[in-house]
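Heads up: the sequence lines are chains A and B, in that order. The first sequence begins at 2 in my numbering and counts up one residue at a time. The second sequence begins at 21 in my numbering and counts up one residue at a time.
Hints in this document: simulated from the structure, not taken from any laboratory. Every residue, glycine too, gets a C-beta built ideally from N, C-alpha and C. Possibly wrong hints are sitting among the right ones.
Chain A is faced by these chain B residues, among others (derived, beta-carbon under 10 Å) [what the hints assert, rightly or not]:
| id | residue |
| --- | --- |
| 1 | I46 |
| 2 | P68 |
| 3 | V70 |
| 4 | A72 |
| 5 | G74 |
| 6 | A75 |
| 7 | T120 |
| 8 | D121 |
| 9 | K122 |
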Amino acid sequence: MTVTVPIIAADGAQSTVTLPAPVVSSPASGPLAGALIDNAGNMCWMTGQTAGVTPKATWDYLHAQGVRIVRQVLYWEPLQPPLTPVLDSSGQPITATGKGPLSSYHMNRIATEIQNAYASGIVSVPVFLNYARYRPSAATNSASTAAPQYVFGVQGANYLPPGDFVDLWTKASVYWKGLPGIHAYDIMNEPHDMPNSDRAAAIVWESYSQQVVTALRAAGDTTTIWVEGMDFSGPWNWATLHPAPWINDPLNKVVYSAHEYTNWTTISGSGTSNNELRYNQVAALQNMTPVQMASFATSGATSFANWVKAHPGTRCSLGEIGTPSYEALINFQKLDPATATANATLWNNLMSQMLAIYAGTGTLDAVTMWSAQNTFWANGVAFYSNLGGTYTVVGGKNVPVVTDVTNSNWSTVKAIGV
Amino acid sequence: MSDVFSVTAAWDKASYNAGDTITGTISGTDVLTTTTTTQGTAGPLTVPIVAADGAQSTVTVAAVPVTVVTTTTLPESVVIDTTRPIVDSSATPRTWTVSTDKRSITGTA
């Protein structure tokens, strides 16, 4: 990729001069994902706050650590509290959410949060952490998994129609369209089990996501849109579930976003365990040798990257990625420092390999790490200092790893910065 | 007359963060080489000669045609040609703006 500039001499002679494509390392190398509104409407998982907004000092601190982009993680339910579903004659919802108004209280808080982050030099990607679902009880109960659970494309009484998804985004767009500090929209986190995570479900998801993109463009919203893939947006079977890029965007501003973790009892696109594991443990749990495990991890990245490269013009992002950290190995595995160091070094090496593969697509829009305080996925504890070492990542830059977070709000949250 | 461009271009930074202004500046010149040819003659020449005993005479060399070739080089300033497009071959081409002095382009990272 190059930029070719036409030039002309005083006598009218013409030529050209060619530059290599400029290296844009951020937000492609700015990590960190934070949760902004939890199920109960509480603000800011990542700071542990339950009211107000994240202090600007926190954003300033993160920026000083090199953070340039965050996924602002939201729940659908508290933002659009449930109304009575409207059913058709067969009892299937025409709308499961009731298509009520968005909470102006929360939406204004989110806008303030996004603007505060931006004032500190950090751009945001709002995302709904809903997995293609809407749970009315989750609007008020952060721990609720109670029925009903409406799901995209699942026919019957628990049907969550595309119109509800479109309604959510067209209403959110009213608040966010043109808002400085928004880098992109990530329209839905990790769709899965609709009712299966197969090609049939992927086709349904392709339709839902296309309808949102179409609606946003029709509303004049020109924001870049991240679209995740079926089955937790994992990279391994992306090309199988989605044989080709599916979004038709008149603005060509769609980014396909993958998630990849290697630190759990299962290696997948989503953090699903509450444990932090030694390198060899993960391999053993997968019935693999450590070499085989590393090969499997990089094979996912490679498969997705090849899919991107096979379709010229396709852009991508890495919305979540994680490996265990040095501190997690110390704190949860109770390893001695030497053993933890050896394990963390292995994880660092693997992380570097994975990131380099994604960066090798040449169209990587951003990398955001999952990081939040109150769970044990790849958040909070997972992003400790990792030895204070460096990753070689997007744009060939050496990325220093944050070694400490002194802000009390971030006592258990560490991040990897540019 | 020939033009030999000796022009390079460079970005102002090794890398950029999203939202940064990217500036690429050209530098160098075009060397204009001009050749002129003049036709003329040399001679005829009359050369005095003298023998060992002191006797004198002359010998005449006939005139010959002469071609004189003169080459001059002149460095010329070079600017960005705004009548032709900037070609950005990246997957997501940027919008590039040419500076007033036509020596640089700017875009957004």
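(message) Flag every earlier hint the structure violates by its number, smallest first.
(response) The structure breaks hints 2, 3, 4, 5, 6, 7 and 8; every other hint is satisfied.
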